[in-house]
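Asker: One-letter residues, chain by chain:
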Amino acid sequence: MKTSQEARDAVGDYKSGWHDTENSTIRFDSGLSEKVVRDISKIKNEPEWMTEVRVKAYRHFAERKMPTWGNMSMLEQIDFEEVCYYLRSSSATENDWDEVPEEIRNTFERLGIPEAEQKWLSGVTAQYESEAVYHSIREDLVAQGVIFLDMDSGLREYPEIVKKWFCSVVPYSDNKFSALNTAVWSGGSFIYVPKGVHVEMPVQAYFRINAKNMGQFERTLIIADEGSSIHYVEGCTAPTYSTDSLHSAVVELVALPGSHIRYSTVQNWSANVYNLVTKRGIAHENAKIEWVDGNIGSKLTMKYPSVILKGEGSHAEVISVAYSGSGQHQDAGAKIHHLASNTTSKILSKSISKDGGRGSYRGMVTVSPKANNCKLNVVCDALILDDESRSDTYPTMEVANPTARCEHEASVSKVSDDQLFYLMSRGHTEEEALALIVNGFFEPFTRELPMEYAVELNKLMALEMEGSIG
Amino acid sequence: MNAINRYKEVSGTTDKADHLWRYTPWKKVHPTGDIKIVPEIDKEVKLRLINLDETDLAEGISLQKENVLEEKLEDIDPVATSFMKAVSEKSRWVLRTKRKFTSEVPLLLEIEANSGFNSLELVLDIGEMSEFEIVTLIKGESDWTGFLRTGRIGDGSNINDITVCLQKKGVLLRLDSIALGRDANMNTGTVSSGSERTKADLRYRMAENGSHLQVLGSILSRDNMYLDYHIEIKHDAPETFSRLDWHAACGGKSRTIGTGMLKVAKGSTGTDAAQNFHNLLLSKDAEADGIPELEVSESNVVGCGHGIANGPIDENQLFYLQSRGFSESDAKSALIAAFLNSTLVKMGSTGLHGWLSKLLTSELDIMNK
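Going down the list, the protein sequences come from chains A and B. For the first sequence, the positions run 1 to 470 when this note's numbering is used. For the second sequence, the positions run 1 to 369 when this note's numbering is used.
Check the hints yourself; a few may be wrong.
Said to hold, decoys possible - The calculated lysine-lysine pairs, modelled on DSS-like cross-linking and capped at a C-alpha distance of 30 Å, are:
1. 43/B to 100/B
2. 168/B to 28/B
3. 370/A to 65/B
4. 16/B to 335/A
Just so you know, the hints here were simulated from the structure itself, not pulled from any lab data. Since the structure is predicted, the reported quantities are computational estimates derived from the model, not experimental observations.
For reference, chain A alone in the conformation it holds in the complex:
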C-alpha cells in the first residue's frame, strides 16, 4: 500500500491537494483545477497524449455553461468545488478476491458480487471510489483473445487501441459533463472482443461510491469486432449522506460490422447522488446495440443512452425504466440517429412517480436525408401513483427522408382501479396488489435482465412500494 509520502512524491509539489483518511491511501482535497487534472494523470503515470486530452477537456468544462434545459434548479445546486475528484482506497487492482482490502471486500460481499461471479458471469470488475479494486475474467475467454480490463490497465497495456477509440464516440466537447469526465476520469472498463468471438455469459462491473462528497468518473470503452457479441452488466450503489455526491460517467460502445453489444444497467444510487451520465454507441453495418437501463436511485439522473446507426442494416434498442421517489427526478430517455439506410430502432420507456417524485422521458430520434427505408418506434408509458408526483414526456423527432416510417406514442395514467380490485378479490392486500401491478408494468424491462438482476430489481421495487397505501 502506498504511504502518504509516496503519494506526495507521486504528485510532486502538489502539497495540499490530498490527505490521508482512515480508509484511503490517496485523497485529493475537494475542488477542480488544471493542476488537479494533471496530477490525476501523473499519479496514474499516463502517456502525454492522455494528459493533453484531459487538460483540453478541463478547459472546455471550465468554459462551458451548465445546460439550460432539464432540472436547472437541481443542477445549479451542484458545487463543483465541494467534490473530491480522486480517492484511492486500495493500492492496486487485484485479481484474487482474498487480496482485496478487507473492508472493501466486506462491502462487495454484502452486495453479492463474488457469489454472482461464480454463478452467472464471465468476468467482473469492482470499482470502489475512483479505482478498480478487483478484476477477473474467465481463462477460456482470455485464450480466445477477449480483453476485459479496468480502463487504467487498458490504457497501460493497450495504449494504441485506447488512443484509436477514446473520445471517438463521445468527444469531450459533447456536453459539460462529458468534458468533466474526460478531464478527471478514473477506472471503468475496457473491453475488446475479437472477430467472431461470442461471450456467452455476461461480464459485470460494479461501481460503489463510499466516501462523502465523492465524485466518481469512470470511463468505459467497449469494442466488439466483426461478428462478435458481448453482454455487459453494471450495477451502482452508494451510501446515504447528508451531502451530495456526483457520478458522471462516459460510456463509449463501438459495434463493428455484424457485432452485437448489449449494455445493461441497474442504477440504485442513494438519494444524494447526482447521476449525470453520457452513454453512446456507434453501430456499423448490420451491427446491433442494445441499452437496457434501470434507474431507481439518485437525486437527479440525466441519462439518455444513444446509438448512432452509421452502417447499413444496423439496429438499436433502448429499454429503460425509471422509478422516482421523494425528492428524486429521473430525467432519462434515449437518442437514436439513423444515418444509414435500412436501419431500425425501438425505444421502450416506462416510468413510475411516487411520493412527490418526478419522472421525465426526454428522447430524440433523427433520420438523415440519405437514410432510406428506416423504421423506428418509440413507446413511453408512465404511471403516477399519488397527487404529489409528476410525469413529463419530451420526445423529439426529426425526419428528413420521405421513406422513413416513424412512430411515437406516450401515455400517462394512474394505476387501474379494475386491476387493483381484481387482485384484492383474489386475496392480496392493497399494498401487495399495487406491488404486483408495478412489477408487471416493469416486466418488459426485467425480462431482458440476467436472472439475478431481475430478482434484485423486483425486490428493490417491492421495498420502494412499502408504505404506498394509507
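Given the coordinates of chain A, assemble chain B onto it according to the supplied hints.
Answerer: Using the frame of chain A, we list chain B on its own:
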C-alpha cells in the same frame, strides 16, 4: 411600463433549449432580424366581418377598434407577445358577442395585409352560451404580418373557429392566448398553405370545469415554405377534455414543424387529453420535425397521451387507386387530400367543410402544377 419598454427588457431572452424556439430563433421571425428594433407599422390591416354567404350579420356581434386594457397574459411567451403588443398599439380590435348570440350562417373575418409590415391584435370577448362558426382568413402580399389573438370563450359557449393562412409571401407571426370558460366547447382549426415562413404559438387554457377543446390542423407546405407551429394546451380545472389532431403534408423543399405541449396542473382531476401529430413526407428534400410534450402533475386523470407518426404515402393505397384507373399523380393527389381532409372534416358544419375543401383543393392544384 409601456409595451415597447417591456419588449426591450425581454427581447434577448429566448433560448434554444425552450422547444418553442428550438427550430426557429426569434431573430428569424422578427421583421428586421435585429431583435432590438421595434418597427413602425407601414399601413393598417384591412379588416372585414361578414357572413360567409354575404347575407346580413345576425344581431349581437360586433367588431370594433378599441383601446384594450393592458391585461396580464398567463402562460404565454413574453418575447413574441410583448413585441406584438408593442407593434399593435394602433391596431387593436375587439370581436364581441352578446350573451346567447347565435348565428346560423358561418362568419368570415377577412384580414388583408398588402403593404410591407403589418400587425394586428384581436381580442375575443365571447358572451356566455354563444353559438356560431367563424373563419378567419389571413391573406395578402405583405412582407411581414403579425396576428395576436387573446380572449376568453364565455361559459357554455359552443364555437367553431377556423383560421386559414393563405398569404402569397412573407412572414406570418401568429399568437393565440385563449381561455375557455366553464362548460365552453371550442373547436379550433388551422388550414395553412401560405406565407414563406410561419411561426405560430397557439395556447389554450382550460380555465374552468368542464371545458372542452379540439385543436385541428390541416397543413400543406410546398416549394420552400417553412411552417413552424407550437401548440400548448393547459388543463387548469377538473373534468376538462382536449384533443389535438395535426396533419401536415410536406412537399418540395419545405419544412414543417409541430411542437405540442400538454400541461395538466395539479388539481385538474378527471382530465382527458391527447395530442397526435401526423406528417406525410412527399419529396426527398422535405423535412418534418415534431416534439409532442407532456407535463402531468395530477395522478387522478382519465388519461393523457400523445403520439407522432411520420411516413410516406402508403404504397398499397397508391397501388389500389392506380388499379382503379387513377394516374399516379391523381392517386397521390387524392391520398394527400384524404390525409388533410381527415382533420378538415372535423373543423365545422357540412356547409363550412364544403367551403374549406374547395379552398384546399385549389391549393393542391397549385402544388401539382
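Asker: Please go over all the hints and tell whether each is borne out by the structure.
Answerer: Cross-check of the supplied hints:
1. Distance check on the hinted pair: residue 43/B and residue 100/B sit about 36 Å apart at the alpha-carbon level, beyond 30 Å; violated.
2. At most 30 Å may separate the alpha-carbon atoms for a hinted pair to count; residue 168/B and residue 28/B meet this at roughly 19 Å.
3. The suggested pairing of residue 370/A with residue 65/B is violated, with an alpha-carbon distance near 53 Å, which exceeds 30 Å.
4. A distance of roughly 18 Å separates the Cα atoms of residue 16/B and residue 335/A; the hinted pair therefore holds under the 30 Å criterion.
Consistency note: the structure conflicts with the earlier hints numbered 1, 3.
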